[in-house]
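Let the hints inform the model, and build the full structure from the sequences given.
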Amino acid sequence: MKRLILVVACAFALAACSNPEAERQAQEAAAAAAKAQQEEKAEGVAKQYDMAVAAQDWERARIHGGSLLDQYKDTDVAARIEPGYAEVKAKAEAARETRRLQALWQYNKIPVGTKGIQASAQIYSKERVDVDGSGAKPVQLVFRDHPEWKRHAYLVLQAGDFRCPKCQVNVTVDDGKPVAMAAWRPDTDEAIAMFITDQKALWNLARKAKVISIEFPVKAGGTRTAVFETGGVDASQMPQWWQ
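Residue numbering for the sequence shown follows the working numbering, starting at 38 and increasing by one per position.
Calculated from the structure, these hints are not laboratory results.
This structure is a prediction, so every number in the text was calculated from the model and none was measured.
Every residue gets a Cβ at the ideal spot worked out from N, C-alpha and C, and that includes glycine.
Please note that a few of the clues may not be correct.
Computed spacing ranges between beta-carbons, pair by pair [stated by the list, open to error]:
#, residue 1, residue 2, range
1, 119, 277, 43 to 51 Å
2, 108, 234, 56 to 64 Å
3, 228, 123, 47 to 55 Å
4, 276, 87, 39 to 47 Å
5, 217, 155, 23 to 31 Å
Straight-line C-alpha distance at most 25 Å; calculated PhoX-like pairs for lysine-lysine [what the hints assert, rightly or not]:
#, residue 1, residue 2
6, 126, 110
7, 72, 84
8, 247, 163
9, 256, 203
10, 256, 163
11, 163, 237
12, 146, 237
13, 203, 187
14, 214, 245
15, 110, 72
16, 247, 214
17, 128, 84
18, 187, 237
19, 247, 126
20, 163, 214
21, 126, 78
22, 110, 84
23, 245, 187
24, 237, 203
25, 174, 203
26, 247, 128
27, 163, 245
28, 247, 237
29, 245, 128
30, 203, 214
31, 128, 163
32, 78, 110
33, 174, 256
34, 146, 245
35, 152, 237
36, 247, 174
37, 146, 187
38, 152, 187
39, 214, 237
40, 128, 110
Dropping the structure here:
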């Protein structure tokens with residue numbers, strides 16, 4: 038293509054030395070050849086874009102579409118994809134956010150002797166929480182299915198303690214109203230944990246919500262709130278009872 042442009046330009050340049058009309062034609066021919074070259078390059082990028090869209094690989098489509106509109110913005114090919122590119126970008130952002138939310142969860146399956154498998158799903162709070170004045174630390178929310186201890190949902194602190202031999206916590210789903218749920222702190226020093234009594238109800242809230250907030254009482258006085266971005270949970274990681 039570059040050689041064609043050069044040949045066309047040279048041919049018209051020779052004639053243009055004594056003919057203004059020939060000079061105009063030479064310029065138009067060179068411009069047309071350059072545009073054809075840009076269209077050809079743009080078409081190559083557009084094929085990658087179309088393949089990514091067909092595969093619903095929105096992040097790859099966003100990259101190819103952005104490259105096309107940036108480098109070849111004046112081409113007919115760019116004009117073709119531009120109307121739908123905003124939707125592709127939105128889908129790419131949504132896919133990226135889904136991956137981020139999914140990565141917040143950790144899943145474990147651990148054999149318990151010959152009794153079966155302990156399955157668990159856990160997530161840390163979006164922001165650290167200072168429960169006792171020693172500084173903000175993560176709060177963990179755990180759902181556990183144990184062959185002997187059965188099924189539980191509980192919060193775990195790294196410092197301080199809960200004020201909850203028996204109490205209620207307030208659970209808020211997204212922008213909804215708080216729902217009171219019974220909770221209790223076991224008499225043990227093995228972990229700073231507080232169990233939510235209706236574990237299946239809490240699990241169902243976590244599955245359906247983008248964000249849940251849990252307000253709980255602490256020994257230092259008052260209450261604290263931990264926020265969990267639960268929208269990326271993979272429910273299939275837990276046994277059928279939780280589904």
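Status of each hint after checking the structure:
Distance hint for residue 119 and residue 277: a CB-CB separation of about 48 Å, consistent with the stated range 43 to 51 Å. Distance hint check for residue 108 and residue 234: the Cβ-Cβ separation is about 60 Å, which falls inside the suggested range of 56 to 64 Å. Residue 228 and residue 123 have their C-beta atoms about 49 Å apart, which keeps the hinted 47 to 55 Å range intact. One distance hint, 39 to 47 Å for the beta-carbon pair residue 276 and residue 87, holds here, with the actual separation near 43 Å.
Our hint of 23 to 31 Å for residue 217 and residue 155 holds, since their Cβ atoms are close to 29 Å apart. Proximity of residue 126 to residue 110 is assessed by CA-CA distance (about 17 Å); at most 25 Å being required, the pair is judged to hold. With a C-alpha separation of about 18 Å, the suggested pair residue 72 and residue 84 falls inside the 25 Å cut-off, and the hint holds. Proposed proximity of residue 247 and residue 163 is supported: the alpha carbons are some 12 Å apart, at most 25 Å.
Under the criterion of a C-alpha separation no larger than 25 Å, the hint pairing residue 256 with residue 203 is consistent with the structure, at around 13 Å. For the hint pairing residue 256 with residue 163, the CA-to-CA distance comes to about 22 Å; that is within 25 Å, so the pair holds. At roughly 22 Å between alpha-carbon atoms, residue 163 and residue 237 fall within 25 Å of each other, so this suggested pair holds. With a CA separation close to 19 Å, the supplied pair residue 146 and residue 237 stays within the 25 Å bound.
Taking the CA atoms of residue 203 and residue 187, the gap is near 20 Å; set against the 25 Å cutoff, the hint holds. Restraint check: the Cα-Cα separation between residue 214 and residue 245 comes to about 15 Å, which is no more than 25 Å; the hinted pair holds. At most 25 Å may separate the alpha-carbon atoms for a hinted pair to count; residue 110 and residue 72 meet this at roughly 12 Å. With a C-alpha separation of about 15 Å, the suggested pairing of residue 247 with residue 214 holds against the 25 Å cut-off.
With a CA separation close to 19 Å, the supplied pair residue 128 and residue 84 stays within the 25 Å bound. The suggested pairing of residue 187 with residue 237 holds, with an alpha-carbon distance near 12 Å, which does not exceed 25 Å. For the given pair, residue 247 sits about 21 Å from residue 126 by alpha-carbon distance, which is consistent with the 25 Å threshold. Restraint check: the Cα-Cα separation between residue 163 and residue 214 comes to about 20 Å, which is no more than 25 Å; the hinted pair holds.
For the given pair, residue 126 sits about 22 Å from residue 78 by alpha-carbon distance, which is consistent with the 25 Å threshold. This hinted pair checks out: residue 110 and residue 84 have alpha carbons roughly 16 Å apart, not beyond 25 Å. Restraint check: the Cα-Cα separation between residue 245 and residue 187 comes to about 23 Å, which is no more than 25 Å; the hinted pair holds. Taken as a hint, the residue 237 and residue 203 pair is honoured in the structure, with Cα atoms around 19 Å apart against an allowance of 25 Å.
A distance of roughly 24 Å separates the Cα atoms of residue 174 and residue 203; the hinted pair therefore holds under the 25 Å criterion. For the proposed pair residue 247 and residue 128, the alpha carbon gap of about 17 Å is at most 25 Å, so the pair holds. Distance check on the hinted pair: residue 163 and residue 245 sit about 17 Å apart at the alpha-carbon level, within 25 Å; holds. Our distance criterion of 25 Å between C-alpha atoms is met by residue 247 and residue 237, whose separation comes to about 17 Å.
With a C-alpha separation of about 21 Å, the suggested pair residue 245 and residue 128 falls inside the 25 Å cut-off, and the hint holds. For the proposed pair residue 203 and residue 214, the alpha carbon gap of about 22 Å is at most 25 Å, so the pair holds. Straight-line distance between C-alpha atoms of residue 128 and residue 163 comes to about 24 Å, which keeps the hinted pair within the 25 Å bound. Proposed proximity of residue 78 and residue 110 is supported: the alpha carbons are some 12 Å apart, at most 25 Å.
With a C-alpha separation of about 16 Å, the suggested pairing of residue 174 with residue 256 holds against the 25 Å cut-off. In summary, the hint linking residue 146 to residue 245 is supported, as the alpha carbons are separated by about 23 Å, within the 25 Å threshold. Taking the CA atoms of residue 152 and residue 237, the gap is near 22 Å; set against the 25 Å cutoff, the hint holds. Taking the CA atoms of residue 247 and residue 174, the gap is near 22 Å; set against the 25 Å cutoff, the hint holds.
Proposed proximity of residue 146 and residue 187 is supported: the alpha carbons are some 14 Å apart, at most 25 Å. Of the pairs offered as hints, the one joining residue 152 and residue 187 holds, with about 12 Å between alpha carbons and a cut-off of 25 Å not exceeded. A C-alpha spacing of about 19 Å is found between residue 214 and residue 237, which places the hinted pair at or below 25 Å, so the restraint holds. For the given pair, residue 128 sits about 22 Å from residue 110 by alpha-carbon distance, which is consistent with the 25 Å threshold.
Checked against the numbered hints given earlier, the structure satisfies every one of them.
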